[in-house]
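Protein chains: 4
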Amino acid sequence: EKASQLQTQKDSLTQKLQETERRNVELESQLLDLEQRLENSELESHSFRKSLRSLLQLLDGKIFELSELRDSLAKLMEEDSS
Amino acid sequence: EKASQLQTQKDSLTQKLQETERRNVELESQLLDLEQRLENSELESHSFRKSLRSLLQLLDGKIFELSELRDSLAKLMEEDSS
Amino acid sequence: EKASQLQTQKDSLTQKLQETERRNVELESQLLDLEQRLENSELESHSFRKSLRSLLQLLDGKIFELSELRDSLAKLMEEDSS
Amino acid sequence: EKASQLQTQKDSLTQKLQETERRNVELESQLLDLEQRLENSELESHSFRKSLRSLLQLLDGKIFELSELRDSLAKLMEEDSS
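Those sequence lines, one after another, are chains A, B, C and D. In terms of the numbering used here, the first sequence opens at residue 1 and continues consecutively. In terms of the numbering used here, the second sequence opens at residue 83 and continues consecutively. In terms of the numbering used here, the third sequence opens at residue 165 and continues consecutively. In terms of the numbering used here, the fourth sequence opens at residue 247 and continues consecutively.
Keep in mind that the hints were calculated from the coordinates and are not lab data. Treat the hints loosely; a few may be bogus.
Unchecked claim - Residues from chain B that face chain A, not an exhaustive set, calculated with beta carbons under 10 Å:
1) L88
2) L125
3) R131
4) R135
5) L138
6) I145
7) R152
8) L155
9) L158
10) M159
Unchecked claim - Estimated spans, in silico, between C-beta atoms of each pair:
11) A:L55 x D:K262: 49 to 59 Å
12) B:F146 x D:S275: 30 to 40 Å
13) A:S29 x C:K239: 29 to 39 Å
14) D:E324 x C:S193: 31 to 41 Å
15) C:E243 x A:R22: 37 to 47 Å
16) B:L125 x A:K75: 16 to 26 Å
17) C:R187 x A:K75: 42 to 52 Å
18) C:V189 x B:D115: 11 to 21 Å
19) B:L125 x D:K296: 51 to 61 Å
Ideal Cβ placement from N, Cα and C applies to all residues, glycine included.
Just chain A, same shape as in the assembly (with noise of 0.2 Å):
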């Protein structure tokens, strides 16, 4: 009965080792998933900043343009007026 009781023992553990190893695969397919989110939302946070970073040059740009604009405007008065 000692073999039958530790059959018995042995049968659990497998089962229960199967459990846990397909809870494993499990867990580590829903971590590749999110390390490919997490990857992707970085590389898209990138390209977005980058974006923003052109749109920011650009800003610069016309502000600059309208600063001198706006310099040729004091000037031109300036001179009307003399």
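Keeping the supplied structure of chain A fixed, place chains B, C and D upon it in accordance with the hints.
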């Protein structure tokens, strides 16, 4: 006959004086008219430049506000990437 | 004595005519001067408005470019959030 | 000897189960960590886009105000030249 000659000269002078005085009145009227136009033109020009000066100040304000917006965007991107 | 009286009147008329003619010359000179000033003022005003028109067109361009930049930013944010 | 063999197999299974469970705990911890990072990243991204949206609205306002200023200038020049 001396008297008759003098009378003729006097009549001619009187006529010439009248013509010259008419021309004078005409010139004075033209002068007044031109002075009025010049004054109006200067008043309009003054008012125009005053309005332009207001627009220049408004433009200054808009450029300043665009620069603040630009700085906010730059700061936002700095915070986000850090 | 009639001749002497006429002579006096003639002298007075001659003097008055000379004065009126001097005044005429003076008025014509003032007119010419004013006409010149008015013409210069109109030339300057024309040139000033021409420069202003150029600045207005530049301003139009800058506003259009800022609107394009704004649309790029809006489009970028739409893509990012979708 | 059957019992001894079974005991050996049971010990081996127990050890393997422990290792798999340790790996499970480790994977669950990694998952939690990644989920936390992804959530933070999304919160930051959400907050970033909210700030960007505010800036976009400010930019809209500035462009509108520049357009009004442009119209005032155009109107002023029209009045002046008429």
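Evaluation of the provided hints:
For the restraint placing B:L88 at the interface with chain A, the shortest Cβ-Cβ distance is roughly 60 Å, beyond the 10 Å limit, so the hint is violated. With 10 Å as the threshold, the beta carbon of B:L125 stays out of range of chain A, its nearest partner Cβ sitting at about 14 Å, so the hint is violated. Look at B:R131: its Cβ gets to within about 6 Å of chain A, closer than 10 Å, so that hint holds up. A least Cβ separation of about 7 Å between B:R135 and chain A falls short of the 10 Å threshold, and the interface hint therefore holds.
Because the beta carbon of B:L138 sits about 6 Å from the nearest beta carbon in chain A, less than 10 Å, this interface hint is met. Taking 10 Å as the C-beta cut-off, the interface hint given for B:I145 holds, the closest approach to chain A being about 5 Å. Checking B:R152 against chain A by beta carbon gives a least distance of about 5 Å; that is within 10 Å, so the hint holds. For B:L155, the interface hint holds, the least distance from its beta-carbon to any beta-carbon of chain A being 6 Å, beneath 10 Å.
Because the smallest distance between the Cβ of B:L158 and any Cβ of chain A comes to about 9 Å, under 10 Å, the interface hint for this residue holds. Given hint, B:M159 at the interface with chain A, holds; its Cβ is 6 Å from that chain's nearest Cβ, closer than 10 Å. The hint said 49 to 59 Å for the Cβ distance between A:L55 and D:K262, and at roughly 57 Å that hint holds. Our hint of 30 to 40 Å for B:F146 and D:S275 is violated, since their Cβ atoms are close to 52 Å apart.
Between A:S29 and C:K239 the CB atoms are about 36 Å apart, so this pair conforms to the stated range of 29 to 39 Å. Against the hinted window of 31 to 41 Å, the Cβ-Cβ separation of D:E324 and C:S193 comes to about 37 Å, which satisfies the hint. With their beta carbons about 39 Å apart, C:E243 and A:R22 fall inside the hinted range of 37 to 47 Å. A hinted range of 16 to 26 Å for the beta carbons of B:L125 and A:K75 is consistent with their spacing of about 24 Å.
Separation of C:R187 from A:K75 is about 45 Å and conforms to the stated range, judged on CB atoms against 42 to 52 Å. For C:V189 paired with B:D115, a C-beta distance near 19 Å keeps the hint of 11 to 21 Å intact. Checking the proposed 51 to 61 Å range against B:L125 and D:K296 shows it holds: the Cβ atoms sit about 53 Å from each other.
In terms of the numbered hints stated before, the structure departs from hints 1, 2, 12, listed from lowest to highest.
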